[in-house]
Each structure stands twice: as C-alpha cells, then as structure tokens.
Amino acid sequence: MSLDDATVRKIATLARIDLADADLAPLAKELSGIMSWIEQLQEVDTDAVEPMSGGTDMTLSWRKDAVSDGGHADKVLANAPEAHEGFFGVPKVVE
Amino acid sequence: MTELTQLSLSAARDGLAKGDFSAVELTQAHIGAMDTHRDLNAYITEVPELALERAKEADYNIGQGRAGALEGLPLGIKDLFCTEGILTTAASYILDGFTPPYESTVTANLKAAGAVNLGKTNLDEFAMGSSNESSYYGAALNPWKKTGDNSNLVPGGSSGGSAAAVSARMCLAATGTDTGGSIRQPASFCGIVGMKPTYGRCSRWGIVAFSSSLDQAGPMTRTVRDSAILLSVMSGHDPKDSTSADLPVPDFEASLTGDIKGLRIGIPDEYRLDELDADVKALWEKGITWLKDAGAEIIDIALPHTKYALPTYYIVAPAEASSNLARYDGVRFGLRVEGDSLDDMYVKTRAAGFGEEVKRRIFIGTYALSAGYYDAYYLKAQKVRQLIYQDFVSAFKGVDAILTPTAPKPAFPLGENSDDPVAMYLNDVFTVPASLAGLPGISVPAGLSSGGLPLGLQILTKRWDEETLFRVAGVLEETAGFSGHPFDGEG
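Protein sequences, first through last, are from chains U and F. According to my numbering, the first sequence is numbered sequentially starting from 1. According to my numbering, the second sequence is numbered sequentially starting from 1001.
Isolated chain U (complex conformation) (with noise of 0.2 Å):
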C-alpha cells in the first residue's frame, strides 16, 4: 500500500491541516509504512461477518426530545478567541 503525494495532499486538505510542500514526501513515505502493516487485515475471512461498530452491546438509551439545560450562551463564549453580542466570531465568510 503506498499513498503518492496527491493523495496526501487531499487527505490533508480534507483534515484541514495546513501541509508544507516539503513535508509532503516524508509523511507519504510514513503513512504508506503504517497502511502497508495494517493491509494484514485483508487477509482474514470476514464475508459473514457482522461489523462491530460500538463498545457495547447493550441498548442505548433514550430520552425525551426535550430541553434539559441551556441558557447559558456566556459560559459557552467563555472560551471563544472571538466573541460579539452572544455569538461566536469568525473571519468574514460572505463578500
């Protein structure tokens, strides 16, 4: 299994992780190196096999689709880099 430097970009792209042109090869090379050790996986029998795909095999539970908490927009800016009037700031999005 080996990832060329195009896939690497749109997987970064994808990550949103700024990738310098130079860390491209080195990090190709490394991540062929760990997906070539789990391409192992191919080689066991899984037709029948139902996908494990949580923890647990108990029934998760559920609640009312109702308000429980909430009304506290301060404590939710509180940590924001950028905060105006209630909401969080972004860069200007629209032109």
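Source of the hints: derived by calculation from the structure; they are not laboratory data. Yeah, the Cβ is synthetic: ideal placement off N, Cα and C, and Gly gets one too. Check the hints yourself; a few may be wrong.
[Stated by the list, open to error] Okay, the calculated bits of chain F under chain U, using three or more residues with CB under 8 Å as the criterion:
hint : region
1    : 1087 to 1099
2    : 1312 to 1322
3    : 1346 to 1355
Since chain U is already given, all that's left is putting chain F on it; use the hints.
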C-alpha cells in the same frame, strides 16, 4: 510528614476516620511530594490552594460525622477530564487556555464523595501514545530507573503522568483513561495497579474524546483494594452518556475475598510472542503457578484473531479520532491562528495546534473514512473487531478469567521508539484486544525485571464481571508480594 504519602488510599481513609491525622495534613504532605518530585513533570497543572481549601471542608465534614466515601483523600486527575474552573489541556497546544465551565461526570462523582483534587496529570497529547512523549507540555518521567543506570525512562502512556504521580507518592491515587492500554501499560511500567473497567461502566461525559467506542476511565492506584474503592465511586449510570450502562454498581471492595479456589484461568497461546522479553515471559509463568497454587484451574485457550488486534485498532481509533477532533477549529475554544479566510484560519490553527502523532492519526483516520477506502479499511476493521470479540466470547464459555502479561517489555528510555510509529504501537499488543472487545482488564505489579524495573501481569474477565477481576487480582497481588518502591533507600 513524608510517611503520610506512603499510605495506601484505604489506609489513609481509615486513618482519617480514626482521627490519626487530618485531611489538611494529608494534603499538605502530598503537596510537599509534588514539590520534591517536580522534575518528573507528572502534573501539567497543580492546584495546591484549591486542594487545601477542599481538605479543610473535608476535615469539617469528618468532624460532623458526614464523610463521603473518599472524604479528604488527595487524588491526581488525568488532564483529559474537564474540571470546572481548572485549566484542561489534553496535553495539546490546540486547547491552549481552555478552562471548562463544567465538570466531567467521573470527577464530579469523586468530588461529591469528598475527594481532594491535587492537580491535572500529564499525558500523551489527546491520550495518543504509549510513552507520554507526545505531550505538548513535555514528557513525564518514570520515577523508576534501571539498576546502575541513571538514564530517564518513559512512564508509559497515555496516562503516564498519573502513573508516575501514583508511583512517586505524589497523590494517593489518580484517574486515568484507557483507549487501547493507556491505563494498564503505564501501570505496568511504573509498578502500580491500573484498571480499565468494562466499556460503559464509567460515564465518558466531560472527558476529552479520542475514540468514543473505546475510551474508558479507570482508577490508577498502589493496591487492588484502592482500585476497587475508587472504581465504585467513579462508575454509575449517567443520562448524559448514552453508552453509560444503566446497571447497579456493585461494592467492588467486597469482591476481594482472597479465595479463587475452583476458578478457571485461561492462558492464551497466541500471546506467547517471539518478541516477548525473557523476564516478562518468566514472570507470566510464575503468575500461572501462583494462581494454580491458590487453587485455580489453569486452562489453555485460543484467541485466534489476536494478531489482527493492533492493525484493527489503528483503523478504528484514528477513524473515530479524526471525527472527534474535527471540533478543534479555532472558533469555540482554545487556539486560533488568524488566516485570510475562514478556511485558512482552520488549516493554520490545526497545523499549529496539533502535534505530530495526533496529525498522523487524523490523517490515517481521514484516509480510512474517505470515499473509496471506507469499505476496504473502516468496515473491514469493524468486522475483524467483531471476530476479536467473538474469540473472547468463546473463550469465556470455558474460563472465568484470562491471565496475560500487560506489556511485552519493561519501561524503555526516552526517544527509543520515536522514529518508528509501528514499533511504538506494539507496546499495546496485549492490552488492545480487550479494549476492542470492551472487556474489563487490570494490570497488577507482579515482579521486577533483571534490570530492576517493575513488570505487570494483566487479568481480563468478561464484560460486567469486574468482581471476578478484582478477586483474582487481589490473590495475584498477595502472592506476588510486590513491595517495590521507585526511590528505594531515599524514603
């Protein structure tokens, strides 16, 4: 007051109840030990003033005859648990300055029982690592050193700061979290007891998420009894975590009967790896003999998919992590690096805020979940995970518990595996299978390597059977008689 830090949690509890010393004295003694051993970098944030304030309240409560189960007992809290009003970092730069306005359920349970929080312990960034070296705040160090060799060793990870703090007597006990071995492996490296409960036993609410189908909180202590006491308080149903089990919490301390006569202990042949350290192998054999001599029946079992556990884990955990860590976007909390546009701000913030190992796992996870690869990697890993679980289900039809080594080797020097991620991942070869299966597991210190370093043995039981786990662990602890202390001769 040094001797107060040498007490077990249960002895300190009894001493407080009898009035032999006060919670303030006990807390003060631990604050002193935190000063003495600050070079271990076991804590990211220390809160001595808050701790003393809490200890005063505890003394008052004890005087009034209304002490909680952990009243006045000083603990270290892994810095992955959100603590109201106290900096919470997950050892990552991206959470720079984050002070939660809420308390995690597990730490709220500890608080309600009267425990004293001494501070937030060091860890691998976002709990991703097996050596604590990926912490933005620098590596925590193992208080143990090899005989005749002064080099610094890793405490293991990711709960390395908690393990180092418990081992160095800088707290009576600590919380940890375990995703693939992050409680058990550092416990083995530092000569303490580390316990991961059944997935769903402790609420995950308010714990910084890494891999949501695997993450579990658990106790890190110096005795099995302390582990049982702490787990009873940490566990319980929480409506805020839909995966938290709505089951009664047993009195785990009561399960330490000291009697394992007639219990069937499984020994998995697949764990006899070629690369297993000779001392670890020898200790495992000793452990088998000890349990047999205590009246247990030893049975060979097969866990045929064991060798696929690590590669399965390194798809499942990074996939979930890549999704969980999408929330760090420079908008709601932590670090922001300004950019020309919203997208530019995202990519710059995340590039600056995440460390190398975290980025590596986000990339692997993003790749495994991306269009065209989902079935080949993520779905495949979920299916193999099912086979690994079914191996255990079959095995537990014939045995009550399983005995294995915790880690394939003792603690290693800093930097040893830093340029080979896969070599680092192999540290968790014996702990990851139970994590994938959601089983409880405990590492009990059982002996020293030829180089004088602690080694742990791991016990596993079926889901929700922590009582048998503690029962066997208690007997193993008793027969192993591990009394090692990292600063032998230094007090």
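These are the hints, each one checked on the structure:
1. 1087 to 1099: holds (count 3)
2. 1312 to 1322: Since 4 is at least three, the answer is holds.
3. 1346 to 1355: holds (count 6)
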